[in-house]
Every structure is written in C-alpha cells, then in structure tokens.
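Residue numbers (this note's numbering): 15 to 438.
The hints are simulated quantities; they were obtained by calculation from the structure and are not laboratory data.
We put the beta carbon where it would ideally sit given N, CA and C, even for glycine.
A couple of the hints might just be wrong.
Unchecked claim - Ranges of calculated distance between the beta carbons of each label pair, as one might list FRET restraints: (1) Arg282 x Pro210: 27 to 35 Å; (2) Gly326 x Val135: 21 to 29 Å; (3) Val434 x Phe341: 42 to 50 Å; (4) Pro126 x Pro210: 18 to 26 Å.
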Amino acid sequence: MHDLRALRADPAAFDAALTRRGDAPVAAHVVRLDEDRRAAVTALQDRQARRKTLSKEIGTLRRTGADSAALEEEAVALREGIEQLEAVVRDRDAEIRDLLVTLPNRLDEAVPDGADEAANVVVHQVGERRNFGFAPREHFALGEALGQMDFETASKLSGARFVVLRGALARMERALGQFMLDLHAQEHGYTETSVPVLVNEAAMFGTDKLPKFADQSFRTEDGRWLVPTAEVPLTASVAGDILPASVLPRRMVALSSCFRSEAGASGRDTRGMLRQHQFQKVEMVSVTRPEDSDAELERMTRCAETVLERLGIPYRRMLLCAGDTGFGAAKTFDLEAWLPGQDAWREISSCSTTRDFQARRMNARFRPAEGEAPEFVHTLNGSGLAVGRTLIAVMENYQNEDGSITVPEVLLPYMGGLAVITAG
C-alpha cells in the first residue's frame, strides 16, 4: 500500500500524486484518522501503565489487610476505558487500511501527464512494416479459412470470448510459449517456474488485484481465484518473507493459462482472439533491491522486446501516461505489435515496476546486511509475451496471398520443420 510516515511528512505531495491520476485528494482525511488513532494509542498506553501500577498497589493493600475498594473501583473504570480505547484504535486502523488499499501507486516522475492512451509517448519503433502487395486479412479470417481457428465450437462449449485452435495453429501456439520460455530461461536469466492457476485471496490482495479488480476476475465457490496472470503466484511466492540480499534480484518466468472476466469490455474486440476470457501468457517477475528496480524495468522490457525482434514482428515501445498507467504500477512500458490485418498497433506486452507498493501489501522484505533492519523489496512484472496476441501478430505479419502462413524461422525447431501452415 502506502507509507503512512511519508504521507504524514508531505501530505501535499501525496495529494498531488493522486491528482495526476485524476483522483481526489485524501491526505487530510488520512492524517486526521491517523491523529485520532495515535491519540488513542497514547491514552491507551497511559491507562495500561496506570492499571499495572494499580494492580501492584491493590496487591500490597490486600496483603496488609488495608481497604482497597477505592483503587478497585478505579481499576474497573480503567478496564472499561481501556476496552473503549482499544476499540477506537481498531476502528481507526481499519478505516485507514480500508482507505489506503483503494488508492493507486504513486507515479514515477518520468510518467507523462495525460488522461488516457492518447497521451502515451512513443519511446522507439523497431522493424519495417511489410508491403504485402495484397489486402492483408485479420487473424480470424485467416484462421477460419484454414479450418484451424473455431469460434463457433468454442461458443457452444463456453460462450463468447473463447476459441478452439486445431492442427498447425494449435501447435504454433504451443511453439510460441515454448520459444518464449526457452529464451527467457536460457538467455535472460529467469528461472522457469510452474505455478498454480488457483490462488487464495491473500495472493490476489498482495499483488493489488483485490479489492480493485474483483469484478474482472473469476472466483470459485470455495473462495479461491483463477489467476488473471502468473504475476500473482510468482510475486506472491515471496509474501511474508525476509530474503537475504544475496538472492536478489530474483527473476522468475512462467507460462500459464490466465482468466479474466473482461468486465467493462462489452462491445470491444468481439471478433477474434484479441480479448479472451482464457488465454496463455508468459509472465516475467523480478524481485529486487529498491536501488536496482529502475534498471530492472529497462532490462525486463528489453527481454520482452527481444521476443518480438527474434520473431521479426514490427513493434513500438510506449511510455504510458498518468491516466493510462495501471493501479499498482509506478511506471509502465507497453509494447505494441503491428497488426497489418487491423492496420493498427495493438498491445502485446506490458512491463511495470510497482516499487514497494505490492511488497507493503504482502510484507515482502529483504535484509540488506547481517544485523540490519529489513527493508521492503521492489517488485516488477512484465508479459514476455501474451501468447495468443503473439500468435495473432505472427499470422497477420506472415500471411501469404493464398491464405497460408509462413512460419518464422526461429519457430521452425518447435514446429517439427513445418515451414508453411496451409488449410487442412
């Protein structure tokens, strides 16, 4: 969440950070609640100290046979007062916590101002867009013509926003995931990890998915949650830990199924695979020292860019503006792939630093040196990449006029040597 001491020290800066995101100022209210809580704590400690003294005095009087009635009456009143003050402290703690958990992360100073994606900044663009010599088709038209992308059967099985892949397209989806894992694990220094896709509420809360995004996630009847991304189990794997500094940075990568309800997405990307309730994604997570997180964000983003470069997909890196940066992020780079069938750039990866925002929520710390006090780690996450969207990008960029799909050279070892995907 947020550092209450920092908020008290500079409430104006805290409110200014909220204002950049378009949120209302709350610092004065939080400070008032905190002052009430601290006053109650002080009064509580005074009464507890007096109760301890009274207990000794009453014991002395009883041993000597003296009258202790007056002191006992005072002790009863103290006990009632202590209970009332304890309730005040609990209530104020809960009010402060309930308010802070709804507030987004403070933005990095480099994040540009702006209300929405129109204010995002192009950092760089890589790759030449292909001149087809014919009108390129969108992925769903290509996939359905090949007989290997079936939305009708998926709808019969599960409803809207699902797909059944068959044959070479199903194999290419698997090939893309394997290629990404191998690249990140063998060349980029991430530890391949297989994680549960069902997690508890603490894992979702610690990674800032609850309570903010409860309506965008799927919950089971026994109170567990289907992960919206492997970021959740990977990051939450250090919850409650005090890590030795020697193990940092800890870099993890996982390929998992992801599940999102897509609440609020009605009418958007209803055709094809761009916006699905269930999809595959390779996720990178880094846990670092605070002083290393900025460099780690650049490193992580380059790892994601390398996937696109190896595949030969034109892309651009975007620095998200204040209004488009996610709730838990301090700074985010999106990678957008060129989709010629749509004649548009579409997000294929998002790499973010949350600084200590998630670490505070899940109490993840490290010890800088033997005997030193623990500090909060910094956590970062990034798509490396979204497999379904990468499949779309490959199909649209490598399509041929006859509707076949040329397999990118880097995927040939994963496709059994199949060079071109044709109907059948």
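Hints, verified against the model:
no.	hint	verdict
1	Arg282 x Pro210: 27 to 35 Å	holds, 30 Å
2	Gly326 x Val135: 21 to 29 Å	holds, 25 Å
3	Val434 x Phe341: 42 to 50 Å	holds, 43 Å
4	Pro126 x Pro210: 18 to 26 Å	violated, 37 Å
Against the hints set out earlier in the document, a violation occurs for number 4 only.
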